[in-house]
Structures are given as C-alpha cells and as structure tokens.
Amino acid sequence: MGREATMKPDYEILAYITMNSKRVLGGKAQALLAKNEEEQRIIAQDIAKALKADTVKLKCGDYMVIRV
Amino acid sequence: MNTEFLSQQNIVLITTAVITGTSARLLVLKQDYRQYPSYPNGYLIHIVTAIIAAFLGAVAIPALLTKNFVAVTFLSLAIQQFRDIRKMERDSLKDLENTEYTYRGNAYIDGIAKTFESRNYFALVVSFLTALTIQLLNYKIIWVNVVSGVIAGAISTYLLKRFSKGKTIGDIADVEMAEVQVKGSELYVNDIYVSNLLGSENASKMYQEEGIAAIIYPREEHFRITLDNFGQRQAALFETTRAMGVKRYSFTRKDYKQGRVVITLVPIIKDTDAFIEAIKKTPLLENVKKSHSVMETNLIGRE
Chain A
1 MGREATMKPD
11 YEILAYITMN
21 SKRVLGGKAQ
31 ALLAKNEEEQ
41 RIIAQDIAKA
51 LKADTVKLKC
61 GDYMVIRV
Chain B
1 MNTEFLSQQN
11 IVLITTAVIT
21 GTSARLLVLK
31 QDYRQYPSYP
41 NGYLIHIVTA
51 IIAAFLGAVA
61 IPALLTKNFV
71 AVTFLSLAIQ
81 QFRDIRKMER
91 DSLKDLENTE
101 YTYRGNAYID
111 GIAKTFESRN
121 YFALVVSFLT
131 ALTIQLLNYK
141 IIWVNVVSGV
151 IAGAISTYLL
161 KRFSKGKTIG
171 DIADVEMAEV
181 QVKGSELYVN
191 DIYVSNLLGS
201 ENASKMYQEE
211 GIAAIIYPRE
221 EHFRITLDNF
231 GQRQAALFET
241 TRAMGVKRYS
251 FTRKDYKQGR
261 VVITLVPIIK
271 DTDAFIEAIK
281 KTPLLENVKK
291 SHSVMETNLI
301 GRE
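Order-wise, the sequence lines are chains A and B. Under our numbering, the residues of the first sequence are numbered 1 to 68, in order. Under our numbering, the residues of the second sequence are numbered 1 to 303, in order.
Incorrect hints may have been included.
Cβ-to-Cβ under 8 Å is the rule here; a few derived chain A residues that face chain B [stated by the list, open to error]:
1. A44
2. V56
3. K57
4. V68
Computed from the model, here is a short list of chain A residues facing chain B with C-beta under 7 Å [to be verified]:
5. Q45
6. D54
7. T55
Chain A residues, not near chain B, derived (Cβ > 12 Å throughout) [stated by the list, open to error]:
8. N20
9. V24
10. G27
11. Q30
12. A31
13. L32
14. N36
15. A48
16. I66
The hints are simulated quantities; they were obtained by calculation from the structure and are not laboratory data. Even for Gly, the Cβ is constructed at its ideal location relative to N, Cα and C.
Same shape as in the complex, but just chain A (with noise of 0.2 Å):
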C-alpha cells in the first residue's frame, strides 16, 4: 500500500487513457485516445503488462495506468 495522504506520494501515473479527447489537458504522464471501451481496455492492460504497473479504472470510464 502507498504512504499516507500526508506523506510524500511514492507513486507515478504512466498513462491516462480515455475517450474523450476533452480530458486530454496535458501533463507528464502519456495520454492516449481509444476509439471504443475495448480498445480502451486492451490499451490499458497492454502498458501495464509492459511497465510492470497497475491499472485504475476511474468511475468516468477511463484508465489510468500507475506505478506504486
């Protein structure tokens, strides 16, 4: 488990990805745009598979692929 919400954050987001092109604002972590939730799907467990991460899915529909 990570450190507590006071502590200094040990994670990192790798990749976000979504289908909504209007969620996509920038920042350090990839960003990628699926055309349908299977796609979105594959994508997500295809980068977590190869960075060795977790995927989260959000209650909006996206993923986020982390490292904790």
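Put chain B on the given structure of chain A with help from the hints.
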C-alpha cells in the same frame, strides 16, 4: 617469568565467563519466523562479535584486580563496536528493502537494529556477572567456582531475556480473517475500502479467487495509537508477506471510525493460520509504543 602469565584461577575465570557470555548470545540468536539473521554469514558475524563482547566482560574483573583501571575504559570501545553493529544491521536491511516483497519500513528496521545492538550487551553483561561471581566466591575447589559462575550467568541471561522481550500485536489486539470483496475495480474487506488498483479483469479475478484478508481489532481505544501508526502497519504487512510470499498485491488500510486495521494480499501459500499467526507475532515497534504510566508522571511538580 611466571608473573607475566595469567594464573590458573584467572584463566578459568576468563574462559568460563567467555563461554557463558557467548552461550547467552547464542540462545537469543535464533532463526525465527521473521527469518533474521537467516544467513550463515549473519550467524558467523554475530557469534564472533559475541565472543569478543564476552571476552571484554570477562577480563574487566582481572583488570580491576590488578589496579589496571585504565584498561577498564576499553569497555567504552566495546560500546562503540556495538553501535557499529546497529549501524551495520540498519544499513544492511535498508539495502535489502528494494528486493523484498514489501518494505520493512524505517521504523521496523530501526527496531531490529536496536535489538541486535542490545543482544550484544547480553554477552558482555552475562560474562561480567559470571566473572564477578567466580571472583567473589573464590572457593578453593575450582569446579565449585565454575558451576557457581555458570549458574549466575544462566540466571542473568534469563532475567535479561525477560527484560528485553517486547510485546506483539497479538498482546493488544484481536486478529480475525475477513471477507474479500471486489466491486468493479475496487477492493473492499468487510466493507472497508482498501484500494482501486484492480482496474484490469485479471487483477480483480485473481483477487476475488486468491486474495486473503484479516482485520486487526484493537482491544482498547488507546491501542489505536500504536496500531494506526504507519510503521507498525507496514511491519505487520511485511511479516505476512515474508511468511507466505506475495503472488501479486499487498495492502494495508486503516478504518478511521472504529480503528480497525486491514491487512490483505494475494499470497503464494494460502495458509490462513500462518497468516493470522504472522500478524499476531509482529513485534510492537519501540518508537510507537506509548506508556500511559509514563505519560501520567508528574515528577517535577507541574500541575
């Protein structure tokens, strides 16, 4: 010429004290469920240091008897050596942090390093008391002296071991198995939210099928101060991952309302009894322990 050599009495005194002191260290140097020091080289390092510590304790009495008071100051050198052992152990464990299933955490490492330092004092104190007993008794039959010294050493070992024995999580809390629930990409343990890292199907399926969880219930409200500490929870998580291995994922989470602490992971060996036992036997870290009696002390007259 003969005056330059030790007397037979002193040789017996030193030898008995060194053996008793080293044995005291060996008794507390064990490969327990925490697996330290589990390496042959680790054993060798600590045994050799124990022999030196015991020797220093043993020769203190003959040094004093020959009015060689300056020689006794080498005990300060011994203390410096033991501090180096603490540092060595701390550095060594910190170097290994990135290779473990999960972090021990600095608080736990500090506790382990302190334990190693204090256990070297075992050898020093026990051998000193053994030598002192033999010298004070100074009976004409040499075996009486030796046996008395060994008995004094055994008693002091028992007392020191009892004194230095810390408490464990099992002493202040109840630990029970809990139900793992995966809701979408979120992980819950008995309705306590733990994580939303299970974004992929593989992850949520694996956790649903193979994940195990336990909840620590503090027996008193004030025990939460200890159990909620991040270092303490990390130590408990480390012990479980070390005992059972981690296939994937390990989490700890505290419930703010009721003070429950969740430990959950996907283990390699799914043994629930070992899981509970590992949590219960996790030592309470010295730096998070709070003593009510000390906190209530009013020694300098403050109101």
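* Any hints from earlier that this structure breaks? Give me their numbers in increasing order, please. => Result: hints 15 and 16 break, sorted rising.
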